Amino acid sequence: MQPVRLEIVKQLPGGARAGVLHTPHGDIQTPAFVPVATKADIKGIESAKFDWLGIQTYISNTYHLYLSGLDAVEKAGGLAKFMNWNGPTITDSGGFQVFSLGTGFGKKVSKFTSAEKNFPLQGDIPRPSAESFSPAFYDEELATSHGKLAIVDDEGVTFTSHLDGSLHRFTPERSVEIQHRLGADIFFAFDQCTAPTDSYEEQKEAMERTHAWAKRSLQAHRQNFEANKTQGIYGIGQGGQFDDLRKESARTIGEMGFDGFGLGGSFSRKYGGNSLQSALEMLKELPAGMPVHGLGVGEPEDILLGAAHGVDTFDCVTPTRNGRTGGLYTSEGKIQIPNAQYQYDYGPLDEGCACPVCKNHTRAYVHHLFRTHEMLGPILASMHNIFFLTNLCKQIREAILNDQFDQFKDGFLEKYRK
RNA sequence: GCGUCGGUGGUAGAGUGGUCAAUUACACUUGGCUGUAAACCAAGCGCCCUUGCGGCUACGUAGGUUCGAAUCCUACCCGGCGCA
Numbered sequence: 113m114q115p116v117r118l119e120i121v122k123q124l125p126g127g128a129r130a131g132v133l134h135t136p137h138g139d140i141q142t143p144a145f146v147p148v149a150t151k152a153d154i155k156g157i158e159s160a161k162f163d164w165l166g167i168q169t170y171i172s173n174t175y176h177l178y179l180s181g182l183d184a185v186e187k188a189g190g191l192a193k194f195m196n197w198n199g200p201t202i203t204d205s206g207g208f209q210v211f212s213l214g215t216g217f218g219k220k221v222s223k224f225t226s227a228e229k230n231f232p233l234q235g236d237i238p239r240p241s242a243e244s245f246s247p248a249f250y251d252e253e254l255a256t257s258h259g260k261l262a263i264v265d266d267e268g269v270t271f272t273s274h275l276d277g278s279l280h281r282f283t284p285e286r287s288v289e290i291q292h293r294l295g296a297d298i299f300f301a302f303d304q305c306t307a308p309t310d311s312y313e314e315q316k317e318a319m320e321r322t323h324a325w326a327k328r329s330l331q332a333h334r335q336n337f338e339a340n341k342t343q344g345i346y347g348i349g350q351g352g353q354f355d356d357l358r359k360e361s362a363r364t365i366g367e368m369g370f371d372g373f374g375l376g377g378s379f380s381r382k383y384g385g386n387s388l389q390s391a392l393e394m395l396k397e398l399p400a401g402m403p404v405h406g407l408g409v410g411e412p413e414d415i416l417l418g419a420a421h422g423v424d425t426f427d428c429v430t431p432t433r434n435g436r437t438g439g440l441y442t443s444e445g446k447i448q449i450p451n452a453q454y455q456y457d458y459g460p461l462d463e464g465c466a467c468p469v470c471k472n473h474t475r476a477y478v479h480h481l482f483r484t485h486e487m488l489g490p491i492l493a494s495m496h497n498i499f500f501l502t503n504l505c506k507q508i509r510e511a512i513l514n515d516q517f518d519q520f521k522d523g524f525l526e527k528y529r530k
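The numbering of the first sequence is our numbering, which starts it at 113 and goes up by one.
One or more hints might be untrue.
PhoX-like, lysine-lysine: derived pairs with alpha carbons at most 20 Å apart [to be verified]: (1) Lys-161 with Lys-506; (2) Lys-161 with Lys-359; (3) Lys-359 with Lys-122; (4) Lys-122 with Lys-151; (5) Lys-359 with Lys-396; (6) Lys-122 with Lys-530; (7) Lys-446 with Lys-530; (8) Lys-122 with Lys-161; (9) Lys-161 with Lys-187.
No lab work stands behind these hints, which were simulated from the structure alone. Note that the structure is a prediction, hence the values are computed from the model and not measured.
Sequences are here, hints too, so could you generate the full structure?
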């Protein structure tokens, strides 16, 4: 019996579907929004409040927990127990950090043949073979800030810790091993993330490397008998904004035998255009019934778009990062609660919102908390935002079940976009 | 009363003859945030306009020295401290 399985309750002709994602630690009603708990916490919100906010599961990060806390998590009995959470958990592979700390961070990226370089690898870090050091990436800004390097080669990734500049190395096998130790119900294969602005050649290279890493990640997982019974592994597809690459990637990953599929890439506007639409082309190429997760998809419009195509789960930092920095989601679009206009606004954060924050507090109060730099401000804002997105998914699910998805979507967007 | 130190933009506080409409921080105004190097980042922040290495008014008040003053001199006003 596979540990992770999607039960499709209803699927519309257009692709949108409502289902139940079964995991060893419980079911997830889909579509579902998955808050990000990078370092074993949804920033500012303890697990006891998760139910209250409609949180069914969350996703933590391999890279961050590897750098600090891995042993403590493992000794506690895994991510969920460590956080005193009795539901399903997910971990991301760390592939995004390679992108975020490497080529995606800053714009000055130059290539060189790293086989010529003599890296000061320490301790028991396995040195990659010279022939595997094909064109790699060197980030000048990172090198400047740490005096070190961020490198991708075919075997894996050598990187410097953003915390202390120390040198580390991830391979697909290493990422899987760490994720086994974290023990989440669902985890992701190690991949190479790209930016929408990357060229066709760069996307193709990253996609092919991701495929090779996916195969190795899957193999590393299947070889672990215990982990196979208790954890499901999702493969990640890449391809940027190029439909042919996306389809090829989906077919390749789709037939490898993963328990689920992740839409990879970065959908942030700061890296260029929006490649989400291209990524959604992947769904048509996947095996029927395979659960699909949208990695880093978290703007309401994007969740609606993804759900319309059949994406089952979405994770994103948007509710917590926006919330922490003063941005609130409302049914009439995003607002900046610290702005002067809310100083004497004694209405709820969002009219009609059923979240615990809106029931108990006013815009004027949250505005005041931000102005005075009280930590409760970012916390309340994050809570409201998370509820907004989990509730959006809940409404999407109900709309699908009631054959009213299109009406709901159009109605929501019309109001949201003002 | 005498002596002494000081009065700079919303606040604190730099500057002590030209490169000063004035460093910096905070405050204020606004924008951004999509698998979290993020309780963050960015822009603006005297007035005017045909927005320009533009004009005008500004560093307690009033004069003065100087080609040129927030910066030097004089008087006055105000404040801290010390002595009477």
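Hint check:
1. Annotation: proposed proximity of Lys-161 to Lys-506 holds, straight-line Cα distance about 18 Å (limit 20 Å).
2. With a C-alpha separation of about 40 Å, the suggested pairing of Lys-161 with Lys-359 is violated against the 20 Å cut-off.
3. The suggested pairing of Lys-359 with Lys-122 is violated, with an alpha-carbon distance near 25 Å, which exceeds 20 Å.
4. Of the pairs offered as hints, the one joining Lys-122 and Lys-151 is violated, with about 35 Å between alpha carbons and a cut-off of 20 Å exceeded.
5. Using a Cα cut-off of 20 Å, the hinted pair Lys-359 and Lys-396 holds, with the two alpha carbons roughly 8 Å apart.
6. For the suggested pair Lys-122 and Lys-530, the alpha carbons sit about 31 Å apart, so the restraint of at most 20 Å is broken.
7. At most 20 Å may separate the alpha-carbon atoms for a hinted pair to count; Lys-446 and Lys-530 meet this at roughly 10 Å.
8. About 30 Å separates the Cα atoms of Lys-122 and Lys-161, which puts this hinted pair outside 20 Å; it is violated.
9. With a C-alpha separation of about 24 Å, the suggested pair Lys-161 and Lys-187 falls outside the 20 Å cut-off, and the hint is violated.
The earlier numbered hints that this structure contradicts are 2, 3, 4, 6, 8 and 9.
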